[in-house]
Amino acid sequence: MNQIPEIFRVVPVNNFIVLATVLFCIGILGVLTRKNAIIIFMSVELMLNSVNLLFVTFSSYKSDPAGQVFVFFIMAIAAAEVAVGLAIIVMIYRRIQTTDVSLLNNMKG
Amino acid sequence: MLTITLLSLLGLFILFLGFSGKPGLNRAVAVSGLFLALIVLIMGNQNLLIPDGLDTQLNFDSTAVRFSSLLILFTACIMLLGKKFFAREDIQSAEFLSVMVFSLVGAIMLTSFTHMITLFVGLETLGISLYVLAGTDKKSAGSNEAALKYLLLGAFATCLVLFGMAMLYGATGQLDFTAIASLSSIAVDSDLFRAGIFFMLVGVLFKVSAAPFHFWSPDVYEGSPNVVMLYMSVVVKIASFAALYRIFGIYFQPLSHFWWDVVYYACVASLLVGNLLALVQKSLKRQMAFSSISHTGYLLMAILVLNKTGQEGGIFFYLFGYGLALIAAFSILMAWFPSGDNIWLKDLKGAAKVDQGGAIVLTIAFLSMAGIPLTGGFFAKLYMFTPAMGQGLYQLLVVGILSSLIGAAYYLKPIMNVWFSSEAPAIEGAEKIKLVGVLAAAIILLTGLFPDVIFAVLSLI
Numbered sequence: 011m012n013q014i015p016e017i018f019r020v021v022p023v024n025n026f027i028v029l030a031t032v033l034f035c036i037g038i039l040g041v042l043t044r045k046n047a048i049i050i051f052m053s054v055e056l057m058l059n060s061v062n063l064l065f066v067t068f069s070s071y072k073s074d075p076a077g078q079v080f081v082f083f084i085m086a087i088a089a090a091e092v093a094v095g096l097a098i099i100v101m102i103y104r105r106i107q108t109t110d111v112s113l114l115n116n117m118k119g
Numbered sequence: 093m094l095t096i097t098l099l100s101l102l103g104l105f106i107l108f109l110g111f112s113g114k115p116g117l118n119r120a121v122a123v124s125g126l127f128l129a130l131i132v133l134i135m136g137n138q139n140l141l142i143p144d145g146l147d148t149q150l151n152f153d154s155t156a157v158r159f160s161s162l163l164i165l166f167t168a169c170i171m172l173l174g175k176k177f178f179a180r181e182d183i184q185s186a187e188f189l190s191v192m193v194f195s196l197v198g199a200i201m202l203t204s205f206t207h208m209i210t211l212f213v214g215l216e217t218l219g220i221s222l223y224v225l226a227g228t229d230k231k232s233a234g235s236n237e238a239a240l241k242y243l244l245l246g247a248f249a250t251c252l253v254l255f256g257m258a259m260l261y262g263a264t265g266q267l268d269f270t271a272i273a274s275l276s277s278i279a280v281d282s283d284l285f286r287a288g289i290f291f292m293l294v295g296v297l298f299k300v301s302a303a304p305f306h307f308w309s310p311d312v313y314e315g316s317p318n319v320v321m322l323y324m325s326v327v328v329k330i331a332s333f334a335a336l337y338r339i340f341g342i343y344f345q346p347l348s349h350f351w352w353d354v355v356y357y358a359c360v361a362s363l364l365v366g367n368l369l370a371l372v373q374k375s376l377k378r379q380m381a382f383s384s385i386s387h388t389g390y391l392l393m394a395i396l397v398l399n400k401t402g403q404e405g406g407i408f409f410y411l412f413g414y415g416l417a418l419i420a421a422f423s424i425l426m427a428w429f430p431s432g433d434n435i436w437l438k439d440l441k442g443a444a445k446v447d448q449g450g451a452i453v454l455t456i457a458f459l460s461m462a463g464i465p466l467t468g469g470f471f472a473k474l475y476m477f478t479p480a481m482g483q484g485l486y487q488l489l490v491v492g493i494l495s496s497l498i499g500a501a502y503y504l505k506p507i508m509n510v511w512f513s514s515e516a517p518a519i520e521g522a523e524k525i526k527l528v529g530v531l532a533a534a535i536i537l538l539t540g541l542f543p544d545v546i547f548a549v550l551s552l553i
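Sequences listed follow chains A and B, in order. The first sequence runs contiguously to residue 119 in our numbering. The second sequence runs contiguously to residue 553 in our numbering.
Far from chain A, by Cβ distances over 10 Å, these chain B residues were calculated:
# : residue
1 : Leu107
2 : Asp153
3 : Leu165
4 : Ala279
5 : Arg286
6 : Lys438
7 : Gly484
Computed Cβ-Cβ distance ranges for the label pairs, DEER-style:
#  : chain 1 : residue 1 : chain 2 : residue 2 : range
8  : A       : Cys35     : B       : Leu146    : 33 to 41 Å
9  : B       : Ser124    : A       : Ala86     : 26 to 34 Å
10 : A       : Ala97     : B       : Ser514    : 44 to 52 Å
11 : B       : Gln483    : A       : Asn25     : 42 to 50 Å
12 : B       : Ile493    : A       : Leu96     : 44 to 52 Å
Read the hints as simulated data drawn from the structure, not as lab findings. Beta carbons: idealized from backbone N, C-alpha and C, even for Gly.
Could you put together the complete structure from these sequences and hints?
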């Protein structure tokens, strides 16, 4: 597995972990605080990308390509999720002319 | 593996069958395809047919075969019950059925994974198909809302699982669950590993809708069309619980001190939140959603007391009984309320006067969910409680028994409404009784009298 460049490891692994965790937390905050469905969806994508970064990092540091293969799976499935997700958001927009999730409260038991 | 291939091809085939424009034909092909897949699953040795490279990713051991056969059987029952729904003009029955079959493929992967990639692909195949299914009723505001909420929170939960996986990968350098499980618990003891287990557990608890990560499920259950709600509360619950059992009950069992406390508190919270909130609901679908959270709590009890020999029979029995009871109940409810929107508790009043047979089946189903003796639900709960007693978890046991008493109270509400109400019946249609529902109710009674029958059948698979 020498194809994975050694130069990558000049930066300590903890820097990458902290970066990915910060990105992930920004994503969580976005999901929990924003009202616009598209922004929430973008936050979820940010979380997915932070996971990708983490996998690539560990993959390089451990010289194990399996982690990078996993990233391809995550990217492919994230694309499928976006396709379905945007379709659902368009469906909602056609009905209520907005993508504000706080206006969606039809159900109150 | 052959089952997965067969089901994927079946899904594609139904999609093309949509050109015929006959909902009845689509449904018949789908159901017979499922039964074919079920026979192949039970008869063939699934591990023989896994292609090179996938053999380290999927393992059809007896646990996987048992849970998968349950999933296929219940999906076929749900398709049979959805006759009226598929016949509606605004429902594309071919697309609906094929998406349902694709989600079943994901569910089967969740019962048989040995690798993080297959777990992730299974979760998402199930999840993405379900976002579509939840939003099938395009003209209903509730269905739209359910689809969006399920999408956003489901994707969020998947991210948590993935983040946990990345951390486990960083801590151990392995993506294979069996390889991680074979490491000793001292070797893996690092902050990265702890965080990984924690995130993964939270994500999976989200998926099985255990409290305090349950808040999405009442809205999603209430808004979805009835067929989809039944599918979510039966098939998806079994699949996600099989995944939880496989990760934490089998692979990470030796590492239980990393996750035991979190599961314990989630179990207590699910029992209390599910049962107490179910008491105050006016919508039957919402009440079922909260009761589904409480059933997650009972099932988590089994995960807590797992030992090396396993508690698999009890979990299987519980999921089987719960699925049967839901199918029996919904076979009647969907006949009574064919319009497919929300079902209110008050609408059930006086229904027994119109449809006595249906009322009996419904009563058996609700009694079984409440865990009354002579029904399968009683033994299901017993199999959850006795190991907990054996392990000395008395506080948990007290919470469990108290909450099943509360459970009996709210399950009696619809029964009282059906039988003992002087009001005029409000149900829309009382057609001839559904064979699936009657069969399910009969099996509930059978397992309530002779619970060993199930274990005898299990030992054959």
